[in-house]
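Asker: One letter stands for each residue in the lines below.
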Amino acid sequence: MASAFWCIVEDDRQGAPKKVMAEVLGAASRLGGGPVEAVWLTDKASDAGLKQLGEWGAGKVWLLENAGLAPYRSEVWAGALADLAAQQSPRAIFGAVTSRQRELVARLAARLGVGLAADCVALAMNGDTLVATRPVYAGKLIARVTWAKGPWVATLRPNVFRPAEAQPGKTAAVERPAVSLPPAVMKFVERREEVSTGLPELTEAEIVISGGRGMKGPENYVILEDMGRVIGAAVGASRAAVDAGWRPHRFQIGQTGRTISPKLYLGFGVSGAIQHLAGMRTSKIIVAVNKDAEAPIFKIADYGIVADLFEVVPELTKEFKKLLEK
Amino acid sequence: MKILVAIKQVPDTATQVKVGADPRLIDTAGITWIVSPYDEFAVEEALRIKEKRGQGEVVAVSLGPERVKEALRSCLAMGCDRALHLNDAAWNGADTLATARALAAVIKQEQPQLVLCGRQAIDDDMGAVTAQLAELLGWPCASWIMEEAVDAEGTTVRAARQVEGGLEVFDLPLPAVLAAQKGLNEPRYPTLKGIMGAKKKEIRDVKAADLGLGAEPSQLSVVGLEALPPRPPGRIIQGDVPTAVKELVRALREDAKAI
Amino acid sequence: MRLELSEEQQMIQAMAREFAESAIRPIAAEIDREARFPHETVKRMGELGLMGIAIPEAWGGSGADTVAYVVALEEIARVCASHAVIMSVNNSLYGDPVYKFGTAAQRERFLTPVASGHAQGCFALTEPQAGSDATNQHTVAIRDGDHYLVTGRKLFITSGREASFALVFCQTDRARGHHGISAFIVEKGTPGFGVSKTEDKLGIRASDTAELVFDDCRVPVANRLGEEGQGFRIAMGALDGGRIGIAAQAVGIATGAYEKALEYARERRSFGVPIGQHQMVQWMLADMTTAIEGARLLTLQAATLKDAGKPYTTAAAMAKLFAAETAMKVTTDAVQVHGGYGFIKEYEVERYFRDAKITQIYEGTSQIQKLVIAREVLGS
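Chains as they are written, first to last, in my numbering: chain A, 1 to 326; chain B, 1 to 259; chain C, 1 to 380.
Bear in mind the hints are in silico, worked out from the structure with no lab data behind them. C-beta: ideal position from N, C-alpha, C; glycine also. There may be inaccurate statements among the hints.
Stated by the list, open to error - Calculated Cβ distances over 10 angstroms to all of chain C for the following chain A residues:
hint, residue
1, G26
2, S29
3, V114
4, V131
5, I231
6, R247
7, H249
8, E294
9, E325
What the hints assert, rightly or not - In silico lysine to any residue, SDA-like type, Cα no more than 25 angstroms apart, as pairs:
hint, chain 1, residue 1, chain 2, residue 2
10, B, K257, A, E319
11, A, K326, B, V241
12, B, K2, B, E44
13, A, K299, C, F271
14, A, K187, B, E164
Based on the provided sequences and hints, a complete structural model is requested.
Answerer: Listed below in structure tokens is the structure:
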């Protein structure tokens, strides 16, 4: 019976589902199109993680726990997941926009011969079919897309969907299906960790601070990081700043960088070129600080201050600190 | 070593994009078309592999209407040896899977040892073709690669893919598919000689029938396109810096409830 | 009549624009301020094939045509007039005549390295007493066996210090007037050949303008370009082509300044509206863009005639005259649109204004162009 809505679990590789799963599970539940189930491929699950998935609304967790699933390799994961899907015939398979899931579901959709909608920002049932909304053309347009047949495969942009409210005590039935893993073709060599800034990851952060060309040089980002520590924000940069070599590319927000959708975006010395807007225009609240009153970012900002960022940032950090210490 | 690079022609970022008369399509009038930026990283990397090995062939391939030849021509100008243009009305409205099927079919004919793509095309931003190609071909793939190195024998490629919090390095037996991320390299400009020589290079039209494929309905289709709803007008907070900052913090807390 | 660039020409234009925007734009103000020759970007222009655009590939060039040269040069000048003149001299004043009049051995030795961008060439005609009156050459070359002994001074020579090869015009037979002028290629490092000074200029400050001094400099007969007495013809032919290059440079300068004015007119507000809403400003912008289009078309026409092997002397003079006058007028108005900010270096439009002036002077002043045109229409 093709009825379940599957949510593929994104975890921290230590046995805990990431908070984006609350969003994916929440979105799937609100569609009301069928039972919501989590599918967890991991080398080590945890009881706490399983409990968490239940509290976020998963009625069932399909747990594929196997040492061969780490590190993530698409040929292994897609094969295992496709076998399970063939057995269980889910109605929809949702993932989050993360480095491994966006690749995994693409491969899975090809295996299943079905359509894929990546990076969705809204989902709705239209009678018996699912319609997804996703930004296209650098976010200048939005497209509504639908599937010829199921399962409907989609990835959901983090921070966009309202997360499921945890229901303490609600538990998921855990099933450990018999699925054999295809052999791994790729050989793992090493993982190189980035030097941690101690701040949240850009695409996951609820608050993102971004510094543009107005930062004048790499040495000045420290004032943004100070603010980031006070309010728990990730610190990113515009392409201009990345191309100038001030920040590594992984911090770039925009069309050729990361797409973010935080609750609060604070841009300092960012002009707001189309290519930057493409990566952050779905942010909920946008604050812009720029000396140039004509900077395009003010056109999409909810709040703007026309002033020198080097005067505003320390003052703002001080005020945030005062507020949060209350 | 034969390397195939799959590229897509897309509207330039700076171009205005409007919904067309058919609301499922954009109005293509007045659009400047370019090779999708990530695909340029893929082309550059393919050329570097060839140059480093001192031999080989780089074939550019793209699916789309007649205008796509311009994009292929600029790949030839950059240094690709020849191009294949999947040019058939059967592929109108192709989704990522239909595109991947067509590409997989042409790859089976060409038998390259390595396929390079861009991380995603900047028009529909799906970012799916690389993985789907790998699946259809039964090859390994690495997405969002920041570094690669093909071994001397041409049997393995070592690729570093960007993931949250770092890079993961894998050895992929060839043939394999890689998707280029920004930071992999700095694409070259076509030289004048390259541009002048490009017209002497072959761009071969490939029809669906040549690949043994028929028209297939897309699994994912666009119901409609809409302009982004405008954001409500914002507010420029006036006053000297300390006053404006205090007001901003108050507004973020009390009005927007964002902090 | 078709007014459309070929696919190759469009690609060359796009490449030149991208290169100019990404590699030259970031340094343009700085090299102007410091009057510093941009070695790095000139080397890259050579690698891209911009230093020998219309020279056949067999001689190190790119095998494109004059129209491609014009569109590429305009894109470079739109961002930096200094780079444009470096490129123009190499292509038009050195590469073109050496290709046209050089023997295979001369092309191999003196053209291939220059057209491929590994070395630069310069054009040494002007003297302290011979500017517009180019027939009045005082530099002499006296035959001495299989050498000539060259003595004299050449002034305001673009790329004079940087160039590895100088195309030098000398009097070999004073009695025959301009029929007694011959052309020689003198290599850098030849004893008796030196550079005595570099000029400090109003505009195109990052280009190198030098004085060359020849003192009993022994130049092999094998370095003579063309026959004895053919020099003046070679020089005038080169200048015809050079004028197309300077016209393209002027169009580029005007375009760059116009774009800055347009942007400013959209953004700057006065009396509650963007200044572009004021009719006086609109009027200036309309005049600017119309004149630029006219200059561009004249320039492309001259290039098209040259590519077709048809006479283009008059067309080149008209293009150069009109484009230079347009550049001066447009850059003046562009400063005006900016008001007080236009007078400030930070706004860059003043650089275009300073750079425009030379286009009315070098490779034949505007007055000389009028003379060329008038002679043609009067049939004299």
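Asker: Output the indices of the hints that this structure fails to meet, ascending.
Answerer: Hint 8 is the one this structure does not satisfy, whereas the remaining hints hold.
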